[in-house]
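Enquirer: What follows is the residue order along each chain.
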Amino acid sequence: MGLKDFFKNRQLKKAAKQQIEMPSIELKSIPSDETLCTLWTKCQSCNQLLYTSELKKELSVCKHCDHHSRLTAMERIEQLVDYGTFIEIDYDVLPTDPLTFSDLKPYKDRLQHAEKSSSAKEAIVTGIGSIDNQPVAIGSMEFQYIGGSMGSVVGEKITRLIEKAIKKRLPLILISSSGGARMHEGILSLMQMAKTSSALKELHDAGLLYISLLTEPTFGGVTASFAMLGDILVAEPKARIGFAGRRVIEETIRQKLPKDFQTAEYLLLNGQIDMVVHRKELKKVFSDLVRLHTQNDKKFFFNDELVLNVKDTPLLAKV
Amino acid sequence: MKANIVPLDFEKPLNTLSKQINELEQKSSLVNGNKKLLIDLKTEYEKAKADIYKNLSPFDRVKIARHPQRPYAVDYINHISPSFYELHGDRTGKDDNAIIGGLIEIDGQTIMVVATQKGRNIKENQKRNFGMPSPEGYRKALRLFQHAEKFNMPIITLIDTPGAYPGLEAEAHNQSQAIALNLRELAGLTVPVISIVYGEGGSGGALAIGVANRILMLENSVYSVISPEGCAAILWRTREKASEAAKALKITAKDLYELGIADEVIPEPVGGAHYNIEETCKNVLSSIKKHLDVLNKLNGEELRKDRQEKFRKIGEYIQG
Ligand SMILES: [Zn+2]
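Going line by line, the protein sequences match chains H and D.
Going by this note's numbering, the first residue of the first sequence is number 1, and it counts up by one from there.
Going by this note's numbering, the first residue of the second sequence is number 1, and it counts up by one from there.
Chain D extracted, bound-state conformation (with noise of 0.2 Å):
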């Protein structure tokens, strides 16, 4: 386990071990004796690792997706692409920095990329609002939406948020309808669009920005309906029912594999993307290029159409 990653509660057992086999590293000469602990205890730690790692129950992924080393957007744009014009503002009075957009290039090709971004501490997070957009961030994004449109750009975007931001603000600027407008001018562009969930899929402000012709899933992220504990909140009537929700409301890449509405689940490092950023990245490129190659082929009507029906199809019922 590398030194610097902040261990989650279910990692604790590798931790220990991983400490170990660093202490006895250090030590300048080895006794014959340490030398075959110190094999014995790299079999075992990765035994252990392989057995939690594919063990995570949803609720565990959902701490990796939540983890604090996570790679965020910006992390992924300063990876995938030689060059990025960030663009502000929704023009008409706040720049809200839970959102952040503008160009990147993919082979010769201008991309816009829109995306949820949280802080890394407390500082960044008082300007990212712990990536919790408000009705500004949202207009913001149908702007650059609307720009990618007009200049023949194809849209990425990426998702990592609780949600939209419950405030009063938000309320009084009309977050409902910021929301709404941008599922409805999504859903016409004639440009493809391409959204990746690489963290949390917070409900209605994830889906914001998450109208798309491919839905694609980071392995640990989550995309749900409510948070596990809002959920829980609500129908177990406790919090600590956190685990049990997440597990019933198939919020893991897998289930919504599973279910049609991903596309594609994006491999991580074991462990999770924090274990190895670089790795990550180039996973998530080489998807965005597969999926990217495939649209490119379509007209504007085409891509519009795809991605209607895509979401036209989506529901289960009977009937009759």
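If we strip away everything but chain H, and leave its shape as in the complex, we get (with noise of 0.2 Å):
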């Protein structure tokens, strides 16, 4: 049964019974895929149909066997931040084409593409605000986003972000979901990993915390660079993390690898992260970890420029 004849059954069986799970907008015909789509989501894990809506209130966490879909990093940013708390910085740092590339597609397409079908700018979403109160510098990746991978944009947003962090003295939280450095910017991309990674040594450094939350998927240049390098690495239950590629990894060693392997509790198990979160607890959980590492020390001040106001806030654009 396809969606639409899904959708044709529960219409006719309307007109007998009362409708409780509908949603309360009229069906005058039946809806188009776009529509379908919109109010309905699929689990990518068990294929049960879920009412999208709901499945937003469930943070995108399916009900039926807690599946933790893909997020847009805006989304990732509402689910932690207080609401109205998030000012976004350096939107305006944009892609460029610096090498002229051009596989199947030119770049500069792709790029267009990328804009016109994922919710961010960039595959990073960057900004300062609150988690219960305790201001914190939060970047979100965008995996939409050609991959979530890792330009010149990212680094340098990246960069941005961990040297506001600094000035601020804030701690920094960095969400990953990415396939890793982006090969359309070359060197250039690779050579991200070790800007983002240098700026963290300053951080370190000056005695800031840094949590990174690793989801699904964290993978390549970005792994390898700023992900790890957290003071405190949490992921989210069944994410794919890992440095290369499973099939790679397959056809490199000639055998079959473990079901499990490269997922947050296979690194957990080998002692690569510090904890596997669910993505309910996650912001309880980020909420004490900040609280628990500033409060001893009384270096820690509270920026009288970033005491956030709902009403100056740029409100959460385009979710």
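You may find that some hints are simply not true.
Unchecked claim - The list that follows gives simulated cross-link-like pairs (lysine to any residue, SDA-like), each with its CA atoms no further than 25 Å apart:
(1) D/150 / H/132
(2) H/283 / D/255
(3) H/201 / D/150
(4) H/108 / H/91
(5) H/57 / H/132
(6) D/49 / D/255
(7) H/280 / D/84
(8) D/49 / D/74
(9) H/167 / D/203
(10) D/19 / D/33
(11) H/56 / H/78
(12) D/150 / H/207
(13) H/284 / D/66
These are computed hints drawn from the structure, not numbers from a lab.
These numbers were taken from a predicted model, which means no experiment stands behind them.
With the hints as a guide, bring both chains together as one complex.
Expert: Here it is as structure tokens:
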């Protein structure tokens, strides 16, 4: 039974009995595919149909199989940061095509397509927000934007965010979801690994907290640079995290890899991360970790500039 | 004697009395003669108890220290802190479960706790390796010490281990270096470090998380360069002489206090910590607070110096 048939059946039944689960909007005709996609979401893991608005309320965690589905960069920030406190920075740092790169398609076209098809202007959104009234510098990657790949813009925005955290003495939270370095910017992408990591060295020496959240999927140059350098490393359940991709490894070593290979749980077992945290616990855990890491430090101060006011906040665009 | 407690050999007479008392008490109506018998038995029990626990030999204390129901690190952590955020792994390939560590809170101060942890049963001990850490366990500990130093958190280490794990992989991964590095790095920290030996302080495996400003020992814990059995096997040429070795080695909390190694002996309930875990944890917490109060007043350089001087003074010799 296709999605459309499913809906048709439901409509027929509607006449017979009082609708309980159906949305309150009137369905005059069979909804278009687009409407179906917005009203209902199919769980990527168990294939159950989920009512989209309900799924959102559950932080996009499937109520049947607990699958944590992928979030956009802004959804992630909304879930973690106190309502109305997020101020985006460096939204005007935009990509260019330094190598005039072209594969099957010119990089320029890919950039254009990415901007249209994703909810962000590059593969990361950065800014300042509060978690239970504790200000933090936060960056959240956008996987929809060319696989969350790190090119010059991602590297630059992360580095600026780190510099801001140092200047304002704020804890830093980075949320990764990325296939790795962006090939289309060649060696410039590779060097973003060094650029972000050297900024993190300054942050570390300044005695500031950095919590890295690894989400499905985090790979390559992102894992091998800023994502693994957190003071505390947190991953979401079953997120795949690694350096090389599974297929590359299987082809290289000519062996089948275990099913749980490169999952968050596998990393925990192998001493690589501190904890695996369910999405519903994330905000509390982050809030506690920030408090636990700042309450002893008398040097830590609350910067007046960062008293965040709901009224002044350019609210969470494009969600 | 609590019914659910596994008696040690020297507690057998108590156990017999306690069973008789229980049987009598369970009879719904007591004739007068039985009532008197019950009172007599109880008096006898109290007397035997006082006798036995007043005259514990060092090896009896070893047995209490190793009692399978003795509270372990997680029990202390759960009793002394409202929350525990466990941090896992050495970041390089292993999470050794013989060592646990993470963030706790005492009076609104964040504290890094690092501890050795034994298992309660065979399954748990497969995971915990009987509380014998591997090099990766010590490297996890070091990572957490450095984390505490960065974030200005006092460190509390809780020690109960037969020793560092003697194994092939442990040697291949350089057990010695892992221990040695911890000794040096702990010495240099500028945050307060308090170590509490709560069970067996098994040689280098214990010291690797025990270079502290204050070393506290629970009344029935022991701390030694070698296990009594190991020492007996080498010097007496039979493990049977473990009791003699335990006495000769001076391994009890009282011994270490007298030798100037332990800074305080934390009292345990009569019979040992496992008879009243709540009370034991309360004693441990109040002792921690007392020492933390003093150490919190020192600055980083003073703390480092205080710790180094503590160890600088240890050793007996004559000269000239
Ligand atoms: Zn599902």
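Enquirer: Check whether the Cα positions of residue 167 of chain H and residue 203 of chain D lie no farther apart than 25 Å.
Expert: violated (46 Å)
Enquirer: When you check the alpha-carbon spacing of residue 49 of chain D and residue 74 of chain D, does it fall within 25 Å?
Expert: violated (29 Å)
Enquirer: Run the distance test for residue 284 of chain H versus residue 66 of chain D: straight-line Cα separation, threshold 25 Å.
Expert: violated (38 Å)
Enquirer: Take the C-alpha atoms of residue 19 of chain D and residue 33 of chain D, compute the straight-line distance between them, and say whether it is at most 25 Å.
Expert: Roughly 18 Å between the alpha carbons, so the hint for residue 19 of chain D and residue 33 of chain D holds.
Enquirer: For a C-alpha distance cap of 25 Å, please report whether residue 108 of chain H and residue 91 of chain H respect it.
Expert: holds (19 Å)
Enquirer: Could you grab the alpha-carbon distance between residue 201 of chain H and residue 150 of chain D and see if it respects the 25 Å cut-off?
Expert: Holds, at roughly 13 Å.
Enquirer: Need the status of pair residue 56 of chain H, residue 78 of chain H: alpha-carbon distance at most 25 Å?
Expert: holds (11 Å)
Enquirer: Given the proposed pairing of residue 57 of chain H with residue 132 of chain H, does the C-alpha separation stay at or below 25 Å?
Expert: holds (19 Å)
Enquirer: Does residue 255 of chain D sit within 25 Å of residue 49 of chain D, going by the straight-line distance between their CA atoms?
Expert: Given pair residue 49 of chain D, residue 255 of chain D holds - Cα atoms ~23 Å apart, limit 25 Å.
Enquirer: Taking only the CA atoms, is the gap from residue 150 of chain D to residue 132 of chain H under or equal to 25 Å?
Expert: Roughly 23 Å separates the two Cα atoms, so the pair holds.
Enquirer: Quickly compare the C-alpha distance for residue 280 of chain H and residue 84 of chain D to 25 Å and report which way the hint goes.
Expert: holds (18 Å)
Enquirer: For a C-alpha distance cap of 25 Å, please report whether residue 150 of chain D and residue 207 of chain H respect it.
Expert: It holds: about 6 Å lies between the C-alpha atoms, which stays within 25 Å.
In this structure, the earlier hints numbered 2, 8, 9 and 13 are contradicted, and the remaining ones agree with it.
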